[in-house]
Each structure stands twice: as C-alpha cells, then as structure tokens.
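Could you build all of it, start to finish, from the sequences and the hints given here?
Protein chains: 4
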Amino acid sequence: MIVVMHRGASAPEIDAVCQRLSNAGFTLHLSQGVERTIIGAVGEKSRATVSGLEALPGVEKVVPILQPYKLAGRDFHQEDTVVNLGNVAIGGNQCQVFAGPCAVESWEQLLEAALVVKESGANILRGGAFKPRSSPYSFQGLEEQGLKLLAKAREATGLKIVTEVLDAANIERIGYYSDILQVGARNMQNFYLLRELAKVDRPVLLKRGMAATVEEWLMAAEYLVSGGNDRVILCERGIRTFETATRNTLDLSAIPVVKQLSHLPVIVDPSHATGKWQLVGPLARAAIAAGADGVMIEVHPHPAMALCDGPQSLTPQNFTALMAELRAVARVMGKQL
Amino acid sequence: MIVVMHRGASAPEIDAVCQRLSNAGFTLHLSQGVERTIIGAVGEKSRATVSGLEALPGVEKVVPILQPYKLAGRDFHQEDTVVNLGNVAIGGNQCQVFAGPCAVESWEQLLEAALVVKESGANILRGGAFKPRSSPYSFQGLEEQGLKLLAKAREATGLKIVTEVLDAANIERIGYYSDILQVGARNMQNFYLLRELAKVDRPVLLKRGMAATVEEWLMAAEYLVSGGNDRVILCERGIRTFETATRNTLDLSAIPVVKQLSHLPVIVDPSHATGKWQLVGPLARAAIAAGADGVMIEVHPHPAMALCDGPQSLTPQNFTALMAELRAVARVMGKQL
Amino acid sequence: MIVVMHRGASAPEIDAVCQRLSNAGFTLHLSQGVERTIIGAVGEKSRATVSGLEALPGVEKVVPILQPYKLAGRDFHQEDTVVNLGNVAIGGNQCQVFAGPCAVESWEQLLEAALVVKESGANILRGGAFKPRSSPYSFQGLEEQGLKLLAKAREATGLKIVTEVLDAANIERIGYYSDILQVGARNMQNFYLLRELAKVDRPVLLKRGMAATVEEWLMAAEYLVSGGNDRVILCERGIRTFETATRNTLDLSAIPVVKQLSHLPVIVDPSHATGKWQLVGPLARAAIAAGADGVMIEVHPHPAMALCDGPQSLTPQNFTALMAELRAVARVMGKQL
Amino acid sequence: MIVVMHRGASAPEIDAVCQRLSNAGFTLHLSQGVERTIIGAVGEKSRATVSGLEALPGVEKVVPILQPYKLAGRDFHQEDTVVNLGNVAIGGNQCQVFAGPCAVESWEQLLEAALVVKESGANILRGGAFKPRSSPYSFQGLEEQGLKLLAKAREATGLKIVTEVLDAANIERIGYYSDILQVGARNMQNFYLLRELAKVDRPVLLKRGMAATVEEWLMAAEYLVSGGNDRVILCERGIRTFETATRNTLDLSAIPVVKQLSHLPVIVDPSHATGKWQLVGPLARAAIAAGADGVMIEVHPHPAMALCDGPQSLTPQNFTALMAELRAVARVMGKQL
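Chains as they are written, first to last, in the numbering used here: chain C, 646 to 982; chain Y, 646 to 982; chain H, 646 to 982; chain R, 646 to 982.
Source of the hints: derived by calculation from the structure; they are not laboratory data.
In this text, all values refer to a predicted model and were calculated from it rather than measured experimentally.
Wrong hints could be hidden among the right ones.
Since the list gives no way to pick one copy over another, a pair counts as held whenever it fits inside one copy or between any two copies.
Claimed, not checked - Only pairs whose alpha carbons sit at most 25 Å apart, straight line, appear in this in silico DMTMM-like list of lysine to aspartate or glutamate: (1) K921 <-> D720; (2) K715 <-> E764; (3) K921 <-> E705; (4) K715 <-> E841.
Here you go:
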C-alpha cells in the first residue's frame with residue numbers, strides 16, 4: 646500500500662501515519678519527493694486492517710497495490726479451476742452451453758425447451774423458478790412448482806439444472822432440486838446470501854452485477870471461496886452504461902481480464918445483456934472467440950408467448966443453428982463444445 | 646402503449662399484434678404512416694399483461710406510455726406523503742437530518758456520536774449493526790450487539806433510530822430495536838427482502854441502487870407500497886458513473902425528478918455518495934437547496950479510527966458547523982430544520 | 646412521432662399541439678386514453694421541423710418513431726455499402742486489418758512496422774501524424790513530417806494509408822498524403838469538421854465518441870453522407886463506463902446493432918478500447934466473430950520505447966501470430982482476410 | 646510515480662525499469678515486498694517523459710502520484726483566480742448569472758431576452774450563433790448574422806456577451822463581436838481549438854465534456870493556461886450516465902472537487918444538463934449552495950417557439966422569480982449576486 650501525503654504535510658502528520666502503519670505490522674519505506682512525501686507500506690496484512698487511513702490529517706490518498714482478493718485470484722492459484730459436475734466439466738478445454746427458458750412456465754414449455762437443448766448437444770438446462778422482476782405486477786415465477794418441473798426435466802433428459810436463488814431461506818430447497826445455484830446480477834452484493842451459499846455443496850454461478858467492477862465481482866467470489874465453496878462459475882451479463890440500443894452493455898473485455906486475474910471459469914450471457922434475440926448469436930460467437938468457457942442462452946418454444954423476456958429468447962430452430970456456429974468458433978479456439 | 650411495426654411489416658403480422666392486444670383488453674388505434682404502421686393500445690391494463698410483444702414478427706419496438714408504478718406515483722396521489730414517527734415528521738415542511746457513525750463500534754463511540762447529533766438539533770440517529778462490505782475481510786458489524794447499543798442510545802437521547810436490514814431473516818429482530826428500517830443500495834432490487842418489508846409496521850428508508858434509474862427506484866418503492874407499507878422514505882446516495890474523483894456521482898437532479906413523479910419524501914446521503922468528508926458539506930447544502938426533505942450525514946468522534954468509512958465521516962465539530970449552514974439553507978427553502 | 650399529453654391536459658392545450666403539428670404538415674391520430682390523450686403525428690417531415698413541442702403547456706413527452714438518420718440508415722438503402730480503395734475493399738465479404746503504430750515517430754520505426762503489416766497480409770497502414778493528447782506536455786505528433794513519412798511508407802510497401810485529421814484547416818494537406826481520413830473519438834461531434842470532410846473525395850473512418858450512443862454515431866455519419874461523402878467506415882473503439890480494468894469498455898454489441906440499422910461497414914479498434922496489448926488479441930477475434938468488417942490494431946517494433954500508447958501495442962511477433970488467428974475466425978464467418 | 650512489478654518479475658526486468666527511470670532523471674526508491682517489488686520514482690519530471698513504461702516486461706502497473714496539471718492546479722497557485730471583464734468579476738465573492746436563449750433566432754427574440762436578463766440584475770448574455778447540433782437537419786444557427794445581433798444587444802443593454810466557437814477558423818471573427826468565448830462540451834478535447842484559443846485575449850468558458858473526468862477537464866484547461874491564456878472559466882454541464890430521466894446527469898460534486906484541485910472559477914449550466922425547464926430552478930439553487938461561482942440559464946421569450954432547446958428554457962417570468970431565489974441562496978453563501 647502506498648500513502649501519498651499532501652503537499653506541505655507536516656512532520657508530525659507524517660509520523661502519525663507511519664506510527665499507525667507500523668503498529669499494524671507493515672514495513673515502511675519513505676520517499677521524500679520534491680513536492681510530496683510518499684510512504685510505502687509493505688507486508689502480508691490486507692489493506693482492510695488499516696481502514697480510515699485517508700481520514701488522518703495530511704493524507705492525500707491511499708493507493709492499494711495488492712489485489713484485495715487472494716483465494717479467487719490467480720496469484721496464488723496459477724492453474725485454471727475446472728468445476729466438475731458428474732460428466733460435465735466447466736472450464737478447461739470444454740466450452741459449455743447453458744440453455745433454456747427465462748422462466749419455467751409449464752411442463753410442456755419446459756420439456757419442449759429441454760429436448761431442444763438436449764438434442765443440440767448442450768449439457769445444462771437453465772430455467773427460473775423464482776424470478777427477480779423490476780415490477781411487482783410481473784410474473785414472479787412458479788416457485789416450488791417450477792423447481793419440481795426442473796427436476797422432472799432433469800430426469801427426462803439427463804441435463805444438469807441451473808436455477809436462481811433469491812434468498813438465503815430458499816437455498817436448501819433449491820439445492821435439493823438443482824445442480825448449480827445461480828446468484829443473479831441484482832444479488833451479486835447480497836453478502837448475506839453469499840455467506841450462506843459458501844457453506845453449500847453445490848457449484849455457484851455468480852452473475853456480475855450491473856454496476857460491479859471486475860474487482861468487486863471477484864470480491865463477491867472471494868466471499869464464496871473464503872467461506873468454503875470454491876466451485877464458482879463467473880458469468881458476465883452486461884453492465885449499465887448510457888447506451889440504450891441494448892438493455893445493458895456486454896463487457897466482453899471482462900473475459901480476458903478475468904482470465905488474467907482469476908483462476909475461476911467464466912461464461913457469458915448475451916441474452917440478458919442485449920435483451921434482443923437478433924443480437925444473441927453474434928455475441929455468443931464473440932464470447933467464445935474472446936475465450937469464455939461457455940455461454941448461457943435463452944431458448945423458448947414460443948418466444949412471443951413467453952411470460953418473461955420473450956424478446957431475447959431464441960426459437961428452437963435459431964438455437965440449433967447457433968449451436969453449429971458456436972461449435973465452429975470453439976474449434977478455432979481449440980476447445981470442445 | 647404504442648407498438649411500432651417494422652417498415653414493410655405484412656398485414657398478417659399487423660393483425661396478429663392487434664389480435665393479441667385486443668384479447669388482452671386494450672382498445673386499438675391504428676396509424677398507417679408513410680413508412681411504418683403504428684398501433685396505439687389504450688386501456689387500464691398494465692403493460693406487464695402483454696409481455697413478449699416485441700418477440701412477435703414484424704414488431705420493431707414497444708413504447709410504454711404510462712408510468713409502470715401506480716401507488717408510488719403522483720398521478721393518483723397528488724399530496725405529498727409525510728412519514729410520521731412520533732413527534733418527528735419526514736416530508737412536508739420539515740427538513741430532517743439523519744446522522745451518526747457508519748457502523749456501531751462500541752458504546753463509547755456510539756454515545757459520543759449520539760450526543761453530538763442530539764445537541765446539534767438533529768432527530769434521527771443512524772448506525773450500522775449489519776454492514777454490507779465489498780470484502781469478506783472487512784469489519785462486518787457488531788450485529789445483535791450493535792442493535793442493542795442503538796436501542797440503548799435511543800433511551801439515552803430520545804433520538805429515533807435507523808439501521809440497515811441485510812436479509813429477510815433479520816427483519817423482526819432489527820425492527821424490535823429500531824424505528825426505521827434501511828434498505829441499502831446493494832439491496833434495492835432484493836425483491837424478496839422488499840416483499841417481506843412490505844408487511845412490517847415500520848417506515849422503510851429505501852436507498853437508490855448504484856445502477857438504478859429513477860423509474861426502477863420507484864418500482865422498488867412500489868413493491869413496498871403495493872405490499873402494504875406506504876411509509877417509504879427514498880434516499881439518493883449516488884450512482885455509478887465513469888468519474889473517479891468521487892466514490893459515486895450524487896444525482897441531485899433526482900430530487901426534483903422524484904418530486905414530480907412521486908409523492909414520497911426523498912432525502913440525500915452525501916457521505917456515501919462522495920466518500921470524502923470535505924465534499925459532504927457543500928453537497929448537503931445543495932441537496933436541501935434542490936428540495937430534499939432531509940440529509941443523512943456520517944459523524945464519527947474519531948474518523949481516523951473508524952472501522953468503516955472514516956474518510957467520509959465528519960468530526961463532531963464539523964458536523965455542528967454544518968448544521969448551522971443547513972438551517973440557513975432550509976430557511977431559504979421555507980422549511981424547518 | 647407520438648405526443649403524450651399530461652394527465653388532465655385541457656382541451657385547449659390539446660388543440661394547440663394539434664394545430665402546431667398539422668401546420669407543420671403532419672396527419673394526426675388522436676387516442677383518448679383512460680388517463681391520457683395521445684397524439685400520433687404521421688408524415689414525411691423530420692421531427693426536427695417541430696422543435697420545442699415539449700415546451701407547449703400540457704405536453705408530457707414526445708416519442709420519436711422514425712430513426713433520425715435517413716441516408717446512413719438501412720431503411721432506404723438495403724444493400725451493404727462496400728468502400729473500395731483501388732484493390733482494397735472495406736465491407737462485403739472482405740475482412741480488413743488496419744495496423745501500424747499509434748504515432749509516426751521516425752522513418753525507421755514506421756518502415757519496420759509497415760513491413761510487418763505488409764508481410765502479415767494486412768492491407769492498410771495506420772499511423773498518427775497529428776495526435777490528440779489529453780496532456781499538452783505529451784508528444785503531439787510529427788505533423789507534416791509525419792505525413793511525408795506515411796506517404797513514403799506507402800510507396801515502399803503499397804499499403805493504403807489512414808491517418809487522423811484534427812482540424813478542418815488540415816484536411817487538404819492530409820488528404821494529399823493519405824488514402825483514408827480518420828475522425829477520432831474526441832471529434833465525432835466536431836460538426837464543423839464533419840461538414841468539411843463531407844466535401845472531400847476520400848473515405849472517412851469515423852470513430853465512435855466515448856460518450857456517443859449508436860444513434861448519435863449514425864447521426865455523425867449522416868453529416869458526412871448528407872453532405873456528399875458516402876464512403877464512410879464506422880469504427881467502434883470503446884465507450885466510457887465505470888469499469889476501470891480497461892481504458893474504455895469495448896461495445897461489441899454495437900456491431901450487430903449497427904449492421905441492423907445501417908448499411909455502412911463497421912470495424913473495431915481493440916487497442917484503444919482496452920489500452921492493454923494482452924487484451925487486444927481476444928477482442929480482435931471477438932470483433933470478427935461478432936460480424937465486424939475489420940479491425941484496427943496497433944503494432945510497434947519496440948512498444949516500450951513508443952512515444953504514445955506503447956502498453957497497447959503488439960510486438961511484430963504477436964501481431965503476426967494474431968493475424969493467423971483472425972484468419973481462422975474470418976473463415977468461420979465466411980469472410981476473406 | 647510508483648511502478649508496481651508483477652509477482653515473480655525477474656531481477657533483469659526490475660533493473661531495466663530502474664535504468665529507464667534513472668535515465669529520465671528520476672530518483673528511485675525500491676521496496677521489496679513479500680509478493681511484489683515496488684519502485685518509487687521521485688523527481689520534477691512529468692510522467693509524460695517516460696511513456697510506454699507499462700509495456701516493459703514485468704511491469705504490472707504504473708501509478709501516477711502527482712496531478713498531471715500544474716498551471717491549472719491549486720498546488721502552485723493557492724489563491725482563487727478572478728476573471729475580470731470590465732466591471733464584471735467572475736469568481737471571488739461574486740456570483741454571476743449568464744443567461745439568454747440557446748440560439749440567437751432574430752433581433753426581436755434576442756432583444757426581448759436580453760432586456761429580461763438585464764432587468765433581473767444578471768450581467769452576462771448568452772446566445773448561440775454557431776450551434777453544434779446532433780442532426781444535420783436541425784437549425785445550425787444564424788452564424789455571422791447572429792454574432793452581429795449579439796453585438797447589437799450588447800450595445801443596447803451593456804451586458805457582456807458569451808457565445809460558442811466551433812472551429813479555430815472562426816475565433817477571430819467571434820472574438821470581435823463577443824466578450825467571452827465558449828468551448829462546448831463536444832469540443833472540450835478539440836486540442837487544436839484549445840491551442841488556438843490559448844493565444845487569444847479573451848476569457849474562455851470551458852464546458853466539461855460529457856464523458857470527461859474532472860482530471861481531463863483540468864487538463865483541457867491546462868492547454869489554455871500553458872498556452873498563454875489564464876482567463877479560464879470552467880462550466881459543469883452534466884455527464885453521460887445510464888439515467889434517462891434527465892438529458893445528462895449534473896455532477897454537482899464536481900464543484901467542491903474542482904475548488905480543491907484548481908484555482909479557476911467554476912459555474913454550472915443546469916439547462917443543458919437536465920434538458921427540462923422544471924428542473925432548472927432547483928439545480929441552479931443547488932449549484933450555488935454547493936459553491937459555484939455562477940450559473941448559466943437559458944431564457945426564451947417563447948420557449949415553445951424556440952428553434953433549439955425550448956423545453957429547457959425558462960420563460961421571462963420564471964427566470965425573474967428564479968433570480969430572487971438565487972440571490973437568497975448566494976446570501977447564505979456570503980456571496981453577492
């Protein structure tokens with residue numbers, strides 16, 4: 646950590662900062678610049694141990710040097726993490742497609758979607774039973790009944806199931822019916838939920854919050870890993886920007902950035918990011934070309950009848966065609982899909 | 646709602662949209678433009694009843710006309726809501742200051758802060774017992790012990806207490822010890838939490854999410870009001886933008902915007918928005934000049950020793966000086982503080 | 646255009662709006678909703694002819710229906726535009742790589758870069774002679790001397806030359822030495838410059854502004870096309886967002902969005918978007934997989950010695966390796982590179 | 646400047662960085678941390694002298710310590726700059742109102758607006774003769790004729806005149822007719838224009854770009870001051886964010902931030918920031934309460950007939966009422982208006 650003192654900071658002010666840092670166990674290096682004094686604090690302690698430093702008189706700013714995440718970071722865990730789920734591997738040289746409807750609406754709808762997913766060669770079925778909706782007047786999901794339909798679809802097809810958890814109170818119930826627990830973008834910093842998910846024996850799909858930096862996203866993953874659950878799959882799904890042509894702005898740069906900083910697998914959800922099915926194909930291809938370990942795609946047998954996010958859902962036909970394209974791009978990347 | 650068809654949309658495509666809308670109970674007005682057909686759908690139904698419309702062939706876009714919130718909106722509730730809490734009124738011609746430390750750290754710290762708040766003439770004491778922190782390694786709050794200290798400070802000073810709820814499981818417990826329940830920015834779209842808070846007999850302070858539009862913020866309030874709790878206090882606390890000179894960008898335009906769209910009282914938290922105590926005073930004054938019903942200010946007896954957000958906390962001395970300034974601005978606005 | 650009246654707008658207010666619109670030549674359709682009156686205005690006129698409508702009493706909002714661009718838009722120009730430059734085609738089934746150093750620094754540096762570009766099979770050499778720099782103390786380019794070196798490199802290699810124009814006063818001079826005139830992101834809405842470039846017999850590479858929506862970008866292109874220059878190449882180079890892990894956030898969704906809305910070719914500059922050479926390869930591949938007509942890549946013989954943007958420049962070796970990858974992705978997309 | 650080396654950077658890599666820095670005249674301080682080596686480089690040289698450092702092998706990041714602006718910054722120029730214009734002072738204990746129509750449309754319109762401005766007690770008349778418009782089909786201003794009308798209004802009222810310069814070619818002409826030259830938000834980083842304005846004997850009103858950080862804004866001011874023109878007035882006018890309830894998001898935090906970092910006067914334009922006249926009053930009051938040296942307000946005799954930005958223009962009556970409110974807030978701030 647580097648502490649930059651204000652121009653003209655007094656000797657007692659500089660001393661007070663040094664005292665505080667050495668009490669906290671840091672080794673110090675002082676640089677008396679022409680204009681400012683700079684204090685380098687070296688040590689194993691995290692910056693969290695000396696909060697409030699900027700509030701000391703004479704301090705201009707504190708510049709952290711180390712990443713604040715340790716267990717989710719690559720520095721101390723060089724090899725890529727592969728999340729194994731029976732015969733399905735997420736990460737490594739596999740490229741997985743997670744697909745299915747936004748929300749589970751009925752057995753017919755879910756089964757039809759699941760069969761398309763299965764036949765196209767994808768391995769993981771998505772479907773929401775508890776839906777976070779901006780409006781209290783929108784369809785909120787079939788809840789427990791939806792979970793049961795997902796489990797039934799798993800039996801019928803052998804696909805793995807991923808579904809969203811909205812609250813800690815439902816973790817056990819949802820874990821009973823599904824294979825991967827999803828944390829939605831709006832809950833990425835629901836730390837209470839993360840702490841509870843850290844104790845569970847299920848992989849967690851952690852979506853990036855709409856306003857979350859990559860660092861904050863990896864810190865949310867750190868909650869999971871430091872709490873005991875290292876089977877974390879990151880999912881980029883678009884960030885909030887000024888552009889209104891798409892629902893959010895898909896940040897594909899985050900893929901190579903996360904690959905540098907973390908060992909965790911990372912997938913991309915172009916359906917929620919763009920909100921428009923016509924854009925899903927180009928961005929799914931781009932995600933894999935950028936190095937993603939997979940994509941999450943919404944498929945609905947009848948998008949115009951969907952109770953949720955129809956405009957971003959592919960028809961079975963379009964989804965099947967896209968799978969062929971994704972396979973070709975994955976091959977160029979030396980991956981299997 | 647207006648449905649804009651693609652240039653060259655076919656007659657059957659237009660018919661299908663009209664069918665769908667009239668089945669849902671809307672009255673239709675067709676405009677055959679030079680380039681496009683536009684379908685106006687008029688009715689009392691919310692747009693949520695016809696989701697998926699954009700997924701019908703030939704539809705270019707759907708433009709909503711009505712606000713999606715009814716109960717939180719001003720259209721059907723013209724007079725300003727005043728949230729009364731014993732002898733303290735939030736809204737109307739009162740201007741309230743909510744002040745106190747970011748986190749409750751000890752009885753000494755809390756009492757010292759509470760006495761300053763009390764003596765300066767403010768009525769509401771803030772203090773976090775459960776803290777949402779980006780890092781799992783940061784101080785997470787004193788939890789239940791913190792709640793008890795807050796209740797003790799209430800007894801000692803007569804101040805009202807506001808503190809944050811992180812999870813539905815803790816609502817009852819926190820409601821037992823405090824007067825106003827706070828929903829933090831990261832939980833603004835924790836719909837499960839909102840639904841539970843809607844059932845509680847306590848006012849809710851609803852902070853705006855860092856990536857939330859004013860419309861989404863009011864929809865979160867709609868969850869509360871439509872669920873039975875109309876004692877909602879909105880709190881602007883900065884949004885995520887590209888500017889890094891401040892932690893977030895305080896959106897003071899939101900004050901007059903919310904005043905136009907909603908009847909709910911709205912306050913401003915310049916401490917969290919800026920992250921720097923030097924900026925708190927100017928922006929607190931500005932908030933009141935913009936028409937806010939109050940401000941929330943962090944005060945700590947020893948900011949440099951704070952376990953949380955010291956750099957944004959005012960000293961008792963600076964807080965007392967600020968109160969005088971705020972009173973002068975409130976007077977110009979014809980309000981009491 | 647749709648005019649939405651306020652709830653409770655009076656009959657005379659509605660009449661005044663109708664009068665104004667029909668005077669301007671629009672045909673009107675009134676919808677008397679339960680809560681609001683909505684006026685549909687149909688006609689060939691652009692919305693620009695009735696500015697100020699929102700300022701009329703009783704008007705809540707004005708919703709434009711048609712795209713504000715005509716000549717840059719696809720509605721009236723269905724086929725893709727291909728910009729031909731001798732034997733080099735930009736658009737269509739070609740995928741072009743524009744490559745070279747950020748700034749022209751010397752003949753040795755430029756020639757070395759140009760030879761690498763040439764040998765790798767790319768067709769267009771980039772290099773800045775006039776550099777827009779955030780700091781007045783940074784290297785501002787070799788100016789005229791830089792232009793002469795670019796022309797000399799063209800002679801030596803046969804590559805086409807693209808270089809930036811900062812001011813209308815220099816258009817003629819720069820056009821004399823180069824093949825494509827570049828408008829930088831900071832000048833995308835320098836309308837004076839656009840108007841002058843519209844009169845010139847040179848293709849224009851129009852970079853997207855950092856804060857520009859796709860609509861504003863296409864409106865900037867409309868300045869060029871409506872002024873007489875229809876040889877416009879769009880270039881996505883990242884937008885300003887809250888994320889600081891990359892210099893800007895590359896918006897690859899803009900590629901399929903632009904392809905839907907416009908007939909103009911569109912390329913991607915991952916070097917400036919990310920600011921880090923390690924991210925350039927993954928995002929260049931992603932750009933082509935998303936459907937871009939080409940990419941612009943910075944190459945420097947000695948990045949660490951570069952006077953400008955060294956950290957984002959590829960070494961010759963890395964560039965050559967990337968070309969092979971891009972060729973493989975282009976092949977999957979059915980394009981030649 | 647601090648250079649942070651990658652974990653595991655080799656000794657020769659560290660040496661190469663040190664070599665480079667000491668050749669450039671910096672004094673070095675090495676910190677061998679547990680995980681990383683950190684090199685502190687101290688000296689009077691600007692960071693611009695060692696560009697490309699991040700491109701050296703083994704370098705993780707370069708953290709600048711000093712502000713990149715010297716002449717616009719407060720470090721070496723502690724007292725506030727006051728820009729004097731005859732009997733009108735911008736900065737210090739004066740609070741100035743710049744008011745008038747968005748665009749000059751006719752003599753009648755301009756005179757009517759100017760008389761209102763004059764009678765209300767404001768000192769500076771704004772009006773655009775050259776207008777930067779997103780659409781080539783919108784009114785582009787009366788150009789030279791508009792300038793002549795502005796000069797005529799100055800004669801008629803004694804008000805000072807501020808108007809926008811779009812291109813270096815017009816500086817002389819516009820300077821002939823007006824007192825303050827305005828650089829619009831879209832031109833804030835038109836460095837060619839800034840360099841020419843630096844040579845002129847007229848104060849420059851420098852609007853903040855929609856995507857510009859405070860640091861970039863001050864660097865644009867540095868172009869002017871370092872080029873010889875220290876009469877710079879900064880103007881905050883809103884930044885681009887995801888919020889669509891207002892045209893842009895007015896960043897009032899920038900006022901106290903700029904006051905800390907720079908000695909230049911700073912004003913606020915709530916009309917362009919919000920795009921809605923109803924929001925102008927609250928935000929103008931807030932701007933002055935936040936410490937701004939003035940505000941710029943659009944006034945139009947007949948907003949609904951305005952050729953440009955009518956919806957954000959105040960009527961004469963509303964403007965006159967606002968002036969009284971602003972005066973009351975200025976008084977609280979200890980300023981004259």
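How the hints compare with the structure:
no.: 1; hint: K921 <-> D720; verdict: between (38 Å within a copy, 19 Å between copies)
no.: 2; hint: K715 <-> E764; verdict: neither (40 Å within a copy, 44 Å between copies)
no.: 3; hint: K921 <-> E705; verdict: between (46 Å within a copy, 11 Å between copies)
no.: 4; hint: K715 <-> E841; verdict: within (20 Å within a copy, 35 Å between copies)
In summary, the one numbered hint that this structure violates is 2.
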